[in-house]
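A.B. asks: Residue numbers (numbering that gives the first Met the number 0), protein chains in the order written: chain X, 0 to 318; chain B, 0 to 325.
Rather than coming from a laboratory, the hints here were simulated on the basis of the structure.
Just so it is clear, CB atoms sit at the ideal spot from N, CA and C, and this is done for glycine as well.
A couple of the hints might just be wrong.
Going by beta-carbon spacing under 8 Å, a handful of chain X positions derived as facing chain B [what the hints assert, rightly or not]:
no. : residue
1   : Ile49
2   : Val83
3   : Phe88
4   : Arg91
5   : Gly103
6   : Ile164
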Amino acid sequence: MSARVTPDPAVPTRQQPATREVGPPPPRPRRFNRHTVERRTLGILRWTVIAFFLLITLLPFYYMVLLSLKPIESLLRNPASIIVTPAEFTLRAYEQVLSPVSAGGQGFGTFLLNSAFVAISAVILSLLVAVPGAYAVARLPFFGYRQVNALFLAAYLFPAIVMAIPLFVLFTRLGLRGSLVGLVLVYIAQTVPVAIYMLRNYLETVPVSVEEAGLVDGLSRIGILRRISLPLVLPSIMATGLFIFMIAWNEFLFALLFLVERRDSWTVSLGLSQLSGSAEIPTTVLMAGSVVLTLPIIIVFFSTERLLTGGLTAGAEKG
Amino acid sequence: MPPVSTTSVPPGSPARRRTLSQRDARTGFLLMSPTLLIVLAVVVLPLLWSILIAFQQLRLLEIGTASPLRPLTLANFERVFASGELWLSLGTTLVYTAGSVILSITLGLIAAMAVRKPFRGRTFVRAAFLLPYVAPVVAVTFVWRTMLSPQFGIVNEAGQSLFGWAQPIPFLSEAQRTLEIFGAEFPIPTALLTAIAFEGWRYFPFAFLFLMARLGALSAETEEAALVDGASPLQSFRYIVLPQLMPVIALLAILRTIWTFNEFDDIFLLTGGAAGTGVASVRVYEFLTVQRNVGAAAAQSLVLSLVLILMLAVYMVLLRRRGERL
Numbered sequence: 000m001s002a003r004v005t006p007d008p009a010v011p012t013r014q015q016p017a018t019r020e021v022g023p024p025p026p027r028p029r030r031f032n033r034h035t036v037e038r039r040t041l042g043i044l045r046w047t048v049i050a051f052f053l054l055i056t057l058l059p060f061y062y063m064v065l066l067s068l069k070p071i072e073s074l075l076r077n078p079a080s081i082i083v084t085p086a087e088f089t090l091r092a093y094e095q096v097l098s099p100v101s102a103g104g105q106g107f108g109t110f111l112l113n114s115a116f117v118a119i120s121a122v123i124l125s126l127l128v129a130v131p132g133a134y135a136v137a138r139l140p141f142f143g144y145r146q147v148n149a150l151f152l153a154a155y156l157f158p159a160i161v162m163a164i165p166l167f168v169l170f171t172r173l174g175l176r177g178s179l180v181g182l183v184l185v186y187i188a189q190t191v192p193v194a195i196y197m198l199r200n201y202l203e204t205v206p207v208s209v210e211e212a213g214l215v216d217g218l219s220r221i222g223i224l225r226r227i228s229l230p231l232v233l234p235s236i237m238a239t240g241l242f243i244f245m246i247a248w249n250e251f252l253f254a255l256l257f258l259v260e261r262r263d264s265w266t267v268s269l270g271l272s273q274l275s276g277s278a279e280i281p282t283t284v285l286m287a288g289s290v291v292l293t294l295p296i297i298i299v300f301f302s303t304e305r306l307l308t309g310g311l312t313a314g315a316e317k318g
Numbered sequence: 000m001p002p003v004s005t006t007s008v009p010p011g012s013p014a015r016r017r018t019l020s021q022r023d024a025r026t027g028f029l030l031m032s033p034t035l036l037i038v039l040a041v042v043v044l045p046l047l048w049s050i051l052i053a054f055q056q057l058r059l060l061e062i063g064t065a066s067p068l069r070p071l072t073l074a075n076f077e078r079v080f081a082s083g084e085l086w087l088s089l090g091t092t093l094v095y096t097a098g099s100v101i102l103s104i105t106l107g108l109i110a111a112m113a114v115r116k117p118f119r120g121r122t123f124v125r126a127a128f129l130l131p132y133v134a135p136v137v138a139v140t141f142v143w144r145t146m147l148s149p150q151f152g153i154v155n156e157a158g159q160s161l162f163g164w165a166q167p168i169p170f171l172s173e174a175q176r177t178l179e180i181f182g183a184e185f186p187i188p189t190a191l192l193t194a195i196a197f198e199g200w201r202y203f204p205f206a207f208l209f210l211m212a213r214l215g216a217l218s219a220e221t222e223e224a225a226l227v228d229g230a231s232p233l234q235s236f237r238y239i240v241l242p243q244l245m246p247v248i249a250l251l252a253i254l255r256t257i258w259t260f261n262e263f264d265d266i267f268l269l270t271g272g273a274a275g276t277g278v279a280s281v282r283v284y285e286f287l288t289v290q291r292n293v294g295a296a297a298a299q300s301l302v303l304s305l306v307l308i309l310m311l312a313v314y315m316v317l318l319r320r321r322g323e324r325l
């Protein structure tokens, strides 16, 4: 990293001081050269890096869509093809994957409904619980505030596999295993801590003076939350809701443990993972299933990207 | 909470403020209680119960009927520790975690530096970089498995036609292969490396996101001053930007370590824990569903939890040092 060992590639520049008589002292052009070389190399490298990352992030998704649009025969005949020709283009895979089992399909239509039910219930219930909680954390320093916060952080960081055993036993005893309601309950517990964390960051952006004005006008704390703070952070609440939706929609382990024995209750994630082990179902059909599973997430994500990333990384900017 | 004296204070403005803060504290607790209830019921209580189960003999068939107050025993831990498998799986987990964390943060840092300066289409590029992280894990593992398939996967096709591989590489089902470089032979764990590559791919966006946020908040002045003083771009990165990113990198390393160490979905869906990728969390699942021994599964997960608590403690200390309130 030392400037002295860097070879000096641009000879003409070095000769300039000699011809001009009065020039900058020798070290300066050397540093200038290293500077230019590095800047040019990095300039090219930067675009190479961006292209590389775009390739590795987009290629798998492109491949997913590609395979879902062609018949399995043309994949097996020519596996190296990375385009779909008009002759082979077909939506048969989507038809097969979505239609019910009774009609010879894979029943992903039912799975979609299950996933939607679980994810939307989780969003609504989790927000109902988390919004008041986040307001309490942001504005009302109640007794045991720090302990409660530490508890939530621990609950958020605790991994699913450790929680899985006792919840499996508990829900079996309560008769909730195998039901979508039980799954929703687990998802609420999994998402509330992170939802509170995000919402707290948003709620803290509401100026205290605005809330105090409400207090002076005789509103209760709950009145302030409902009439003043909530309307101000509504877009952020929606972003948090969509984040919860993504977690619930993508979840796999608890769906596997709770629902695996009952095919009609499978979520899309569980359905795809269970069916992808079987040799009878063509890969192209399962790829259509992957697209069906991924598409809602992509739509949700792109519609809220800015809000989401802002809320999640609010802590990191402090350094 | 401010100290509250007895009620024998004359009426006036200080007293009013105190009652307000008292009322606030009560409202705060009230607003918090639903969350508290759920977290206690679905997180804390089960965890405590899990500790109990770890010390009991409990088979999968009995969980519906067995009394929670059965005799305590250490048999589960004997079982978990006795075979060499625990240490093998912990070793695999360690390699897997270290590899994944380092790879994902390095990739995230490179990506964040590359898109740091504004350019046309930056918003799209940023969003595209986040895709692996937000997409459903079941879908992306399935696509990876298909792409890496030795029969018709695009990677092996490209490898054979473009790079002249003699045979397709079974990336996800081969435990080990010998790589020959200049006559020297190196054994490499194929499936484990593939899993690490997958983790690097899937989680670099997480590091990217946090590093982008930090980079955006850096003040431009120091770097401009360094430029005036003749620092080259690499020097400026090494001595000015990187030190300011270090706290975020440390935080990312700990968060990712905590999560990867207990990661289940990715490995289970990619390889099923076969071919030398049997990490500790997959072993918990196997105890539960294959051996149908709930007690042993709980004991194994308890061992994992202890490691996790240790890491959490480090994380909390780091947070404190950053002055972040919990």
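A.B. asks: All the hints need checking, so say for each whether the structure fits it.
C.D. replies: We went through each hint and held it up to the structure:
Interface restraint check for Ile49 (chain X): the shortest CB-CB distance to chain B comes to about 5 Å, inside 8 Å, so the restraint holds. A distance limit of 8 Å between C-beta atoms decides the matter here; for Val83 (chain X) the minimum to chain B is near 13 Å, and the interface restraint is violated. Interface hint status for Phe88 (chain X): violated, as the beta-carbon distance to the closest one in chain B is roughly 19 Å, over 8 Å. The criterion of a C-beta within 8 Å of any C-beta in chain B is not met by Arg91 (chain X), whose closest approach is roughly 18 Å, and the hint is violated.
A hinted interface residue such as Gly103 (chain X) counts as satisfied when its beta carbon comes closer than 8 Å to some beta carbon of chain B; here the least separation is about 22 Å, so the hint is violated. Residue-level restraint check for Ile164 (chain X) holds (minimum Cβ-Cβ distance to chain B is 5 Å; threshold 8 Å).
In summary, the structure is inconsistent with hints 2, 3, 4 and 5 from the numbered list given earlier, while agreeing with the others.
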